[in-house]
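Student: Sequence:
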Amino acid sequence: MKLVVQIPCYNEEEFLPSALNDLPERIEGVDEIAVIVIDDGSADRTAEVAKAHRRVAKVVRLPYHQGLAAAFRAGVEAALALKADIIVNTDADNQYPGRFIPSLIKPILENRADFVVGARQMDEIKHFSYWKKVFQKAGSGVISFICGSEIPDATSGFRAFSRGAALWIDVIASNYTYTLETLVRLSSHKVRMAHVPISVNPPTRSSRLMGTTVEYVLRSTRDILTLIYIYSPLRVFIWLAVLFGIPGLVLTGRFLYYYVTLTVLRNIPTGFEQSLTVGVGLLIISFFTLLMGITSNLIHTNRKLLERLVILHSKDRE
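Going by the numbering used here, the letters in the sequence shown line up with residues 1 to 318, in that order.
Keep in mind that the hints were calculated from the coordinates and are not lab data.
Don't be surprised by glycine CBs; every beta carbon is placed ideally from N, CA and C.
Among the hints, erroneous ones may be present.
[As the list claims (entries may be wrong)] Using 25 Å as the maximum straight-line C-alpha spacing, the simulated PhoX-like pairs for lysine-lysine come out as follows: (1) Lys2 <-> Lys126; (2) Lys126 <-> Lys137; (3) Lys2 <-> Lys51; (4) Lys190 <-> Lys137; (5) Lys137 <-> Lys2; (6) Lys106 <-> Lys132; (7) Lys190 <-> Lys304; (8) Lys83 <-> Lys58; (9) Lys83 <-> Lys190; (10) Lys2 <-> Lys58; (11) Lys83 <-> Lys2; (12) Lys83 <-> Lys106; (13) Lys106 <-> Lys190.
[Stated by the list, open to error] Between beta-carbon pairs, the in silico distance windows are: (14) Val142 <-> Glu32: 53 to 63 Å; (15) Thr226 <-> Gly271: 41 to 51 Å; (16) Met292 <-> Gly271: 45 to 55 Å; (17) Gly253 <-> His65: 20 to 30 Å; (18) Arg55 <-> Pro203: 20 to 30 Å; (19) Met292 <-> Lys51: 17 to 27 Å; (20) Glu150 <-> Thr261: 51 to 61 Å; (21) Arg266 <-> Val142: 25 to 35 Å; (22) Trp239 <-> Pro203: 33 to 43 Å; (23) Leu249 <-> Leu218: 57 to 67 Å.
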């Protein structure tokens, strides 16, 4: 059983050694532990520091800064190339203590899950503001609902994948982060998910991803809406069709009611032609929105079939 720990980095020469030193040397049930460092176009000596460390088996250098999602994806590809059976992703700033790696991979070793999230205990994190905790919990609740699995910390970067789960991983919706998309993507392929509680180390620096609370909320909201559209297009377009269709039915029904009760039965002009015009217009929009949903869902289904063919081809090559 081979475990590969991947660490995406961007200008982390100061903190990377402590993260590497904190990784466990041996884990029960694991025969080999390899460490990959992904240098996301750092301007400092991150790559040199990684190459000089005894724990690092490979350094992947991106030619320029491409963002955390690209670095994560490059790390997964490198880990698969090293024949990893389990892949653990952690941060270079040592936010996630290495001592939790054995408990993180335990559900995979016991064949209870293929993807495990290290869930931070939000109420115990002193450097998180009240509102940050609220939004973290709310966002995780939305992602849990979308995925159909309980994920108490959807934005945690401390996570483990079996080789089979890692083969499904790709990030297409955002260069900002991979955390939300991998959850939605793996759930769409019915990958078994689990979570384990963890604590975190005190912060060594301010987050480069979070920014202000408002920026974080706006980015997360945008990413969630994008993911729903990409991975559940029919659901999105059905709700939009309903949004246009109900007012259309009400207005059209209003015209028909007065037309029958006044014009047909009493020969009195109704004067409600505007309701008919707007109502029919909304119904037409609703109909074409539904057609767009059906088309998008067919494209989504076709993409999943192509992904399965790619996975089968990858397994055949192994």
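Student: Each hint needs a verdict: does it hold in this structure or not?
Tutor: Checked hints:
Note on Lys2 and Lys126: the hinted pairing is violated, with a Cα-Cα distance of about 36 Å set against a maximum of 25 Å. A threshold of 25 Å between alpha carbons decides the hint, and for Lys126 with Lys137 the separation of about 15 Å falls inside it, so the pair holds. About 21 Å separates the Cα atoms of Lys2 and Lys51, which keeps this hinted pair within 25 Å; it holds. Annotation: proposed proximity of Lys190 to Lys137 holds, straight-line Cα distance about 23 Å (limit 25 Å).
Restraint check: the Cα-Cα separation between Lys137 and Lys2 comes to about 34 Å, which exceeds 25 Å; the hinted pair is violated. With a C-alpha separation of about 30 Å, the suggested pair Lys106 and Lys132 falls outside the 25 Å cut-off, and the hint is violated. For the given pair, Lys190 sits about 12 Å from Lys304 by alpha-carbon distance, which is consistent with the 25 Å threshold. Our distance criterion of 25 Å between C-alpha atoms is met by Lys83 and Lys58, whose separation comes to about 13 Å.
Pair hint Lys83 plus Lys190 holds up; C-alpha atoms about 23 Å apart against a cutoff of 25 Å. Restraint check: the Cα-Cα separation between Lys2 and Lys58 comes to about 15 Å, which is no more than 25 Å; the hinted pair holds. A C-alpha spacing of about 7 Å is found between Lys83 and Lys2, which places the hinted pair at or below 25 Å, so the restraint holds. Only pairs whose Cα atoms come within 25 Å are accepted, and Lys83 paired with Lys106 is accepted, the gap being roughly 19 Å.
For a cut-off of 25 Å, the pair hint linking Lys106 to Lys190 stands: about 20 Å separates their Cα positions. Taking 53 to 63 Å as the suggested C-beta distance range, the pair Val142 and Glu32 does not conform, at roughly 38 Å. In this structure the supplied range 41 to 51 Å holds for Thr226 paired with Gly271, their Cβ-Cβ distance being about 45 Å. About 35 Å separates the C-beta atoms of Met292 and Gly271, a value inconsistent with the hinted range of 45 to 55 Å.
Range check, Gly253 to His65: Cβ separation about 57 Å, and the 20 to 30 Å hint is violated. Checked against the hint of 20 to 30 Å, the pair Arg55 and Pro203 passes, with Cβ atoms roughly 23 Å apart. A hinted range of 17 to 27 Å is violated for the C-beta pair Met292 and Lys51, which are about 51 Å apart. The given range of 51 to 61 Å is respected by Glu150 and Thr261, whose C-beta atoms sit roughly 53 Å from each other.
Between Arg266 and Val142 the CB atoms are about 53 Å apart, so this pair departs from the stated range of 25 to 35 Å. Distance hint check for Trp239 and Pro203: the Cβ-Cβ separation is about 39 Å, which falls inside the suggested range of 33 to 43 Å. The hinted window of 57 to 67 Å between Leu249 and Leu218 is violated, with their beta carbons roughly 34 Å apart.
Hint check: violations occur at hints 1, 5, 6, 14, 16, 17, 19, 21 and 23; the rest are consistent with the structure.
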